[in-house]
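Peer 1: Chain B: place on chain A using the hints.
Each chain, letter by letter, is given below.
Number of protein chains: 2
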Amino acid sequence: MDRIPILKMGDLLLVTIQVDMHDRLAMALQDDLTGRIVKDKARGVLIDISALDIVDSFIGRMISNTAAMARILDARTVLVGMQPAVAITLVELGLTLHGVRTALNVEQGVKLLRQQND
Amino acid sequence: MDRIPILKMGDLLLVTIQVDMHDRLAMALQDDLTGRIVKDKARGVLIDISALDIVDSFIGRMISNTAAMARILDARTVLVGMQPAVAITLVELGLTLHGVRTALNVEQGVKLLRQQND
Numbered sequence: 001m002d003r004i005p006i007l008k009m010g011d012l013l014l015v016t017i018q019v020d021m022h023d024r025l026a027m028a029l030q031d032d033l034t035g036r037i038v039k040d041k042a043r044g045v046l047i048d049i050s051a052l053d054i055v056d057s058f059i060g061r062m063i064s065n066t067a068a069m070a071r072i073l074d075a076r077t078v079l080v081g082m083q084p085a086v087a088i089t090l091v092e093l094g095l096t097l098h099g100v101r102t103a104l105n106v107e108q109g110v111k112l113l114r115q116q117n118d
Numbered sequence: 001m002d003r004i005p006i007l008k009m010g011d012l013l014l015v016t017i018q019v020d021m022h023d024r025l026a027m028a029l030q031d032d033l034t035g036r037i038v039k040d041k042a043r044g045v046l047i048d049i050s051a052l053d054i055v056d057s058f059i060g061r062m063i064s065n066t067a068a069m070a071r072i073l074d075a076r077t078v079l080v081g082m083q084p085a086v087a088i089t090l091v092e093l094g095l096t097l098h099g100v101r102t103a104l105n106v107e108q109g110v111k112l113l114r115q116q117n118d
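Residue numbers (UniProt numbering), protein chains in the order written: chain A, 1 to 118; chain B, 1 to 118.
The following block holds chain A by itself, in its conformation from the complex:
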């Protein structure tokens, strides 16, 4: 497992994070995603973390950085599928996902991105 797949849905890209992120995987994801935003002319990125039980500061920072990169390339990022326990932990640890909007699930995330782009 050396790459996280990026799925294209119209002008949106969907990334499902299922495995523990480590440095190299995070770097590869950012490389791939920025490349795909340009190549596919994507206007939005959905990052699904419904499979993650834990979001630590490393993953949080990785998500924030990825969103910042996407933003520079004119694509908005929405984080979807966060588990309740993850939301609790994020607040308790004082971690903020700077510059990242969230939605309950992929459908809501798509709706949010469509509204912004209209």
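The set of hints was computed from the structure by calculation and includes no laboratory data. Please note that a few of the clues may not be correct.
Remember, identical chains collapse to one label, so a pair may be satisfied in a single copy or spanning two.
[Said to hold, decoys possible] Each computed BS3-like pair below joins lysine-lysine, with the alpha-carbon atoms no more than 25 Å apart:
#1 41 to 8
#2 8 to 111
#3 111 to 39
#4 111 to 41
The structure presented is a predicted model; accordingly, all values stated were derived computationally and were not measured.
Peer 2: Same frame as chain A, but now just chain B:
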């Protein structure tokens, strides 16, 4: 990692397989997926295997079985994102994905499912 996330997109469900399947994970996926088909009244299932470099007979059978279960519940299954090397290996090994339709990517898969349901 004990669950593969299932994403809902309209009346379709999307499963992205990123990790090596083992018995328990495959069983959990089939349980979850059949449950979600009923709960969400899904008409189609997209299984993305773009992250898989290898599809062996175990994964092949798991995909076929999952598609058969979905079919009984009145949902069609489309396998998307197969890597060229995987297609070569499947044919060389004589593995057939019985009852499973394939599409190049998620977008094409969605189109295929929409046509069938019209």
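Peer 1: Taking the hints in turn, state whether each one holds.
Peer 2: Here is how each hint holds up against the structure:
1. In this assembly of identical chains, the alpha carbons of residue 41 and residue 8 lie at most 25 Å apart whether taken from the same copy (10 Å) or from different copies (24 Å).
2. Taking the shortest alpha-carbon separations for residue 8 and residue 111, both the intra-copy value of 16 Å and the inter-copy value of 13 Å come in at or below 25 Å.
3. Taking identical chains as interchangeable, the C-alpha atoms of residue 111 and residue 39 lie at most 25 Å apart whether they share a chain (23 Å) or sit on different chains (21 Å).
4. Both within a single protomer and between protomers do residue 111 and residue 41 lie at most 25 Å apart by alpha-carbon distance, with minima of 19 Å and 20 Å respectively.
The structure is consistent with each of the numbered hints, conforming to all of them.
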